[in-house]
Amino acid sequence: MNKKQLHLPTLSMRASLLLLILELSLPFGLYAALSAKEIILAKLLFGLITTGMLVILILPENPKG
Amino acid sequence: MPLNLLTWLLSLLPLVVVMVLMLGFRASGKRASAAGWVSAVLVSLLAFGGTWKVLAYAQVKALWMSLDVLYIVWGALLLYNLVHEAGAIQAISAWLPSVSGDKAVQVLLVSWLMVSFLQGMGGFGVPMAVCAPILVGMGYSPVLAVVMTAIGHAWAVNFGSMATAFQALMAVTGLSGAILAPKAAILLGVAILPSGMIVAVLGSGWKGLRHTFPLLCLVSLVMGTMQYVLAVNGLWNLAATTASLAGLLVMLLLLRIPRFRQKPAASTQSAPNSDLLFMVSPYLILMLVGFAVVLIPPLNAFLSRTAFSLTLPELSTKLGWVTAAEQTRPLHPFSHPGSILLFTVLVSWLIYTRKGYLSEGAGRRIARNVVRSAGDASLGVIAMVGVAAVMTTSGMTNLLARGLSQSISKTLYPAMAPFIGVLGAFLTGSNNNSNVLFGVLQMETARMMGLDVPLILAAQTAGGSLGSVMSPAKVIVGCSTVGLNQKEGLVMRRLVLLDLIPVVIVAAVALIWSMFLGASG
Chain F
1 MNKKQLHLPT
11 LSMRASLLLL
21 ILELSLPFGL
31 YAALSAKEII
41 LAKLLFGLIT
51 TGMLVILILP
61 ENPKG
Chain V
66 MPLNLLTWLL
76 SLLPLVVVMV
86 LMLGFRASGK
96 RASAAGWVSA
106 VLVSLLAFGG
116 TWKVLAYAQV
126 KALWMSLDVL
136 YIVWGALLLY
146 NLVHEAGAIQ
156 AISAWLPSVS
166 GDKAVQVLLV
176 SWLMVSFLQG
186 MGGFGVPMAV
196 CAPILVGMGY
206 SPVLAVVMTA
216 IGHAWAVNFG
226 SMATAFQALM
236 AVTGLSGAIL
246 APKAAILLGV
256 AILPSGMIVA
266 VLGSGWKGLR
276 HTFPLLCLVS
286 LVMGTMQYVL
296 AVNGLWNLAA
306 TTASLAGLLV
316 MLLLLRIPRF
326 RQKPAASTQS
336 APNSDLLFMV
346 SPYLILMLVG
356 FAVVLIPPLN
366 AFLSRTAFSL
376 TLPELSTKLG
386 WVTAAEQTRP
396 LHPFSHPGSI
406 LLFTVLVSWL
416 IYTRKGYLSE
426 GAGRRIARNV
436 VRSAGDASLG
446 VIAMVGVAAV
456 MTTSGMTNLL
466 ARGLSQSISK
476 TLYPAMAPFI
486 GVLGAFLTGS
496 NNNSNVLFGV
506 LQMETARMMG
516 LDVPLILAAQ
526 TAGGSLGSVM
536 SPAKVIVGCS
546 TVGLNQKEGL
556 VMRRLVLLDL
566 IPVVIVAAVA
576 LIWSMFLGAS
586 G
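Just so you know, the protein sequences line up as chains F and V, in that order.
Every letter in the first sequence is one number past the one before it in my numbering, and letter 19, counting from 1, is 19.
For any residue, its number in my numbering is found by taking its place in the second sequence, counting from 1, and adding 65.
If you're looking for bench data, these hints aren't it; they were derived computationally from the structure.
C-beta: ideal position from N, C-alpha, C; glycine also.
Do not take every clue at face value.
Among chain F residues calculated to face chain V with C-beta under 7 Å, some are [what the hints assert, rightly or not]: (1) Leu17; (2) Leu18; (3) Ile21; (4) Leu22; (5) Glu23; (6) Pro27; (7) Leu30; (8) Tyr31; (9) Phe46; (10) Ile49; (11) Thr51; (12) Leu57.
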């Protein structure tokens with residue numbers, strides 16, 4: 001592991017699970033918001049989904065689980 | 066979107082990102098898929114006129130497609146962990162040597178025949194997730210175990226899973242099974258022997274291959290013929306399952322020949338037959354319930370009454386790529402393979418508890434293991450399916466395929482068609498989705514070029530079948546039961562090149578067929 005990575009928080013199993021719940025539930029809210037033409041809410045939810053993907057991408061996985 | 070080298074390369078970028086991260090940097094499937102998703106979104110926004118609304122609906126669509134897969138994944142992992150907790154995996158591993166002491170034969174039984182048979186029950190990497198741990202129990206490394214099981218059942222994906230991929234091909238092209246089945250069955254039949262040969266070499270070296278070659282040829286012939294006969298007679302739903310069952314039976318019969326039935330190792334101790342039967346009862350229940358739900362029409366109709374789907378509006382990018390309004394694939398919660406798996410788990414739990422196979426705290430251990438392996442796998446699947454959805458709704462997938470088809474001459478196109486199928490399956494993790502993505506495109510290209518349409522579509526679905534097993538989405542699931550979470554890149558590195566061997570063979574056969582026998586159809 002390089003030194004820079006040590007300063008980042010790691011993605012534990014619990015955090016992964018939380019992310020999974022978010023990535024599974026947010027699109028339903030997004031669909032509802034889009035259907036109801038609640039554009040600001042829809043944009044916010046899509047932003048959260050994107051943030052979730054970025055978190056998976058950026059944070060190193062916790063090798064201990 | 067105009068087709069030129071730059072736009073084509075940009076379309077390819079998300080796939081390159083996933084491949085490079087997994088193969089080059091050994092990144093986990095979850096991380097590589099998330100990187101692929103981010104790059105697909107950026108390319109869509111910056112170069113393909115994607116709007117946030119197009120991307121938002123793409124994510125909704127991706128979630129719906131993922132749910133279909135994830136329900137099976139969680140169910141399969143629950144079943145696997147229950148079976149493992151009861152000691153059945155160890156029992157099967159210990160029983161195999163009593164069938165034959167020949168390591169090459171054992172490996173073929175598990176990672177060529179049993180895995181193909183299980184593909185008939187439900188795909189999405191589950192056959193790998195079930196069979197790979199058995200191979201690990203036999204002493205193989207987890208990486209090799211996943212690679213062998215992946216390649217071993219690649220031929221059975223199209224007509225496996227109750228032929229959902231083949232049904233999808235018929236649905237999108239509007240061509241009947243009678244037209245499509247014969248050539249698809251032949252091209253996939255051609256891939257059976259190479260798949261078995263690769264498994265034999267990986268499992269027991271060149272010596273093992275030489276030793277089992279007659280057996281491989283005979284069983285391949287039986288499976289290929291059986292699959293062809295069933296497929297051309299309208300029984301494509303059962304073609305791969307029955308073919309692999311026939312292969313298993315023929316193999317067991319051939320094992321009576323002393324050359325293949327070597328004496329088991331002295332240290333081998335397997336469970337008594339009655340215990341073994343109870344231990345493997347979940348798989349028998351799974352088969353029974355799976356077949357019952359599919360083959361008893363009134364039962365199927367009753368269970369399929371409840372269905373959910375989403376209505377998606379017509380979507381258009383700023384550059385004019387239009388995705389028609391659609392109703393997502395209906396989700397039937399009660400007849401879904403995931404429900405069949407959950408029902409199997411419930412009944413098996415009762416059997417195991419009565420027989421005293423589960424020790425104290427088993428429930429907690431099973432739940433912890435399922436969450437640990439399925440959590441990571443699920444995130445990877447959602448992100449990878451998201452890549453496919455973003456690429457499709459932004460017109461990137463279509464551009465990729467158009468580029469491939471337009472840069473190839475008429476003569477060589479039949480050899481390229483399987484690789485387009487591979488591309489779709491690699492992207493989406495499914496032969497079914499590959500056919501949905503590229504079926505019509507391949508048909509139109511074949512018509513424009515004056516090529517044999519059923520042959521090109523057969524090549525498409527054969528490529529999709531063979532390519533789906535090396536898709537990150539499936540590999541992630543396959544790795545989840547052998548302790549390779551976050552190490553899927555190790556498997557991909559070995560799997561991709563080896564799995565391309567049967568694809569190249571199918572491509573060569575399609576090319577020769579088209580050159581010497583093909584006529585426009």
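- Task: Please name the hints from earlier in the document that this structure breaks, with their numbers sorted from lowest to highest.
- Result: Of the numbered hints, 2, 3, 4 and 11 do not hold.
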